[in-house]
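J.: Each chain is listed here by its residues.
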Amino acid sequence: MTQQAILLVLLPLIAAFTLTPLRRCNPVIARVAGPAVVVSQVMLAITLLLHIAQLGPEAVGFGGFSIPLGIAFHLDLVGMSLVALAGVTLLLLWPWTVESDSAEPSLYLLLLAGASGIALSADLFNLYVFFEVVAVASYGLVAAPNSGIQLYASIRLLLFSAAGSALALLGIGLIYNLGGSLSLAHLGQVAAQDATLFSSVEGLSAFTLILIGLGVKAELFPANHWVPEVYGLSRPRVSGLLAGLVSKLALLILLRLLWQLYTGTGAEVILLVTGLVTLLLGELAAFRATRLREMLAFSSIGQLGLLAVAFSMGNEAGVAAGLLLALNHLLIKPALFLYAHNWRAPITALGGQAWSTPLASALFVLMVLSLMGIPPLPGFWGKYLLLKGVLTAPTLGMGWVVALILFTTLVEMIYFMRLLTRLYAEKSVQPIPPLSRRHYAPVALLGAGLIALTLGMGHVSTHLEQGAAQLLDRSGYRDRLIPASLRHPVNHFQTHLQGTARQGGHP
Amino acid sequence: MTPDLLSHLFSIASAALVAIGLFMLVRSHYLLRALLGLTLMEAGVNLFLVSVGYREGAAPPIAIDGQLPAVMVDPIPQALILTAIVIGVGVLGLALALALRLHQSEGTLWLPRLRRRAQSACSKEDAA
Amino acid sequence: MTLLVLGAVAVMLIAALAALLLPDLLGALAAASVVSLALAVLFALLGAPDVALAEAVVGSGLSGVMFAMVLRRVGYQPADEEETGHDDAA
Amino acid sequence: MTMRRNLASLIFTVGLGLMLVSLMQGSHTAFPVEVGQNINAAGFADHGAANLVTSVVLGYRGLDTLGELTILFVAATAAGMVLGHCPGGSTPPVRGGFILATAAELLFPFLILLGAYIIIHGHLSPGGGFQGGAVIAAAYYVPLLAGSGRLFSEDTGSLIESLAGVGFIAIGLLALWGGGEFLAPLYSHNGAPGALLSAGTLPLLYLAVGLKVGSELASLLARLGGIGMEVDDDA
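Chains as they are written, first to last, in the working numbering: chain R, 1 to 507; chain W, 1 to 128; chain P, 1 to 90; chain C, 1 to 235.
Quick caveat, the hints were computed from the structure, so don't treat them as lab data. Think of the CB as a built atom: it goes at the ideal place given N, C-alpha and C, for glycine as much as any other residue. Treat each hint with caution, since some may be false.
As the list claims (entries may be wrong) - Which residues of chain C face chain P? A few of them, derived with a C-beta cut under 7 angstroms, are:
(1) Gly-127
(2) Phe-130
(3) Ala-134
(4) Val-166
(5) Gly-167
(6) Ile-171
(7) Gly-225
Isolated chain R (complex conformation):
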């Protein structure tokens, strides 16, 4: 059953590989093939998710090799849910209206394949490869309209991201040099035996290099300069995908790395400080923004900073809060970018625009309120859980973290309230409908998702806590991935393999 997990990556891959020749044979089939594959992929992901929810997480190996030698996937609640959510998000933002010979559907499928790989893989370099798949697909998506200035945005993103990837690869090399493995589980075992290994200067600088490298996509300071330019220039669908989905993928990698390898090494402090700086700078810049799109871009930076802070708390409450806030952001940000597509004018010129389409505007208000954290919307529960997590964190329960979170929430409230009051000021002379026709459906569905999340909060929160517990469960992760004969201690592993040695090897 779980061996089928590889199909989550392979299905969109095969579809993407064959889409171009298929289009030449039969354009009609080629048009529906993409969405059909995504739908079947989501269904498979949901089947596997139910399986895991019942029987607990499972490991899937490849090539018939046990873990330190080969690559393995680890299927857990968070990863599998992310696969399903990625499929649904891509389907909602699917490029239905592009010309039939556009390569955009292929890029969407490849993005999905990469996202599935990132969500499931338990191997450091494999994660890097899948992350590059997602990154290169996103350069293509930003550049897709092919007009000069979007090409510039794409180049900007590419330069930042490729430099980040090179630094991340350097970090991976350092980790391999230290721990002698690339499997997260095996490295975790090595780290558990030698506590000083990853808290050394090399260990921590490897983490920092990877943090900078992935921080490009996770919009973390100091690698997030591309954000306002790219989100300002690219199409709303693509901005929504980058801010909503791709950033979460980068954060998931950091989360796994931090809690499998770097527990108690001080790396969580690095992530915490990075997150706090990102949060503060993002919200302050959003406060000064004069246009909706710019405001959304900076608020996205702030939200991701908040997520990094949540994930740096080593307790269930903190990580669960991060997961809830991530879900909230994933549902809301793409929709808000779709709104911002038509409300392009400076905010001061948007007076009274809300009255032109009361229903759509009401949904907009609902989403903004959830982003701010107004009860009983999911954003509130996320921030509430986060404060709880900060206060009970083992070493990081510091008042100033709480104060900073509250302060930035206040800043967020001020600038969003300013926007809302302007939108609902006296009736406008020239009403601009916020949404173009083809954007209605995705926004409505995302809004429905938000409302469903609010109503089912009790049910969802138990799942989130379970997911957070699985992410923090180091020994379970290791037990599932590393075969029993090699588990304890490392020396045993060495003697085992010496048995299979025919000739050669290191003296």
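Keeping the supplied structure of chain R fixed, place chains W, P and C upon it in accordance with the hints.
T.: Below, chains W, P and C alone, put in the same frame as chain R:
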């Protein structure tokens, strides 16, 4: 020459390559020069990875006449670099394609000028 | 062996500096190709012939050709008034 | 703008400092490099490939190689999308002289042969799908540069590309079908180690890699050079 000194030599050389590349990438105002910096940076990372797998006096991990050498270098970093090199050339190809198209539509590859145009395009769109 | 390694490293670093400092983009490109070539030699000496072959074919061959083709089609534009004095990487 | 420059320099300085510190400290014997050592010990028996790097690339870390093929595919697709729709934007191919054309004609079969050799000996000697694929791509490009034709159409290119990609996945799935795991080595003990027909499915996988890498790099080169494939796009 001791192995320790040799490995330090590689570390320093790869750090220098990465630094030169990063500096070029960040500081260049001409797009193609920035991309050249990117390739240098990747070269530095590759050098570092190879030196991670290197063992003093070790042979390549290839059997000759069905016999593996007694002492071999680590094959894993080599596999990683093969992957990284191909990824690098793919990204470079895409970047050059973008640059070419950008030049066709904007007539320049000077980054400061492009940035100014991007900013004014944003506000023009807003006014419309 | 050690001398060869030292020589390759020296050539590589000098070529990298040249790529950084040469004002002419075509010259910088040639220097970057030399970096790749020296790197390929270094890989071969370090027991990585597979990587050496890939670096030689892809790094100094294909990448250089791609760059040169784009440069030929784009032409190196001299900086206009606004940009003068900004190009120097150093 | 000055703020952005300063911040960029800040990233640069922080990154550089970190790197130098960590790399200088990193002695290469901090921890025994276990996994590589074990692959050196067991790889020959597992795959029967004389070149252990090939065992790692296609066997132990085959999934990475699939991901890497995907990245090259994404890059080629995106580049095709960016450069494909620019009628009139491409410069006509440069016509080389007679001597250059003849030399290119002579070089073409030689380079193709060399590329094929590198690919099918990938499990025995240095080289393999990537290197051979790159040589084949260059082989297609040299005559184009000389202006002596031998274009291969975009149809053929994308067909080879997708067949090779699907072929790689299919070989992997074959093992899954037989009750094993994705990309498990098959028939690895047929044929003497070191013989051309050995290492089971590895040479086939490398053939798929070579074809895919070759066709994608060739398409990238042709598009960047503004020759070959764009002709039928513009029409």
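J.: Next, verify each hint and record whether it holds.
T.: Do the hints match the structure? See the list:
1. Gly-127: holds (5 angstroms)
2. Phe-130: holds (6 angstroms)
3. Ala-134: holds (5 angstroms)
4. Val-166: Since chain P brings no Cβ nearer than about 24 angstroms to Val-166/C, farther than 7 angstroms, the hint is violated.
5. Gly-167: violated (22 angstroms)
6. Ile-171: Not OK, violated: Ile-171/C not within 7 angstroms of chain P, min 21 angstroms.
7. Gly-225: holds (5 angstroms)
Going down the numbered hints, you'll see the structure goes against 4, 5, 6, while the others check out.
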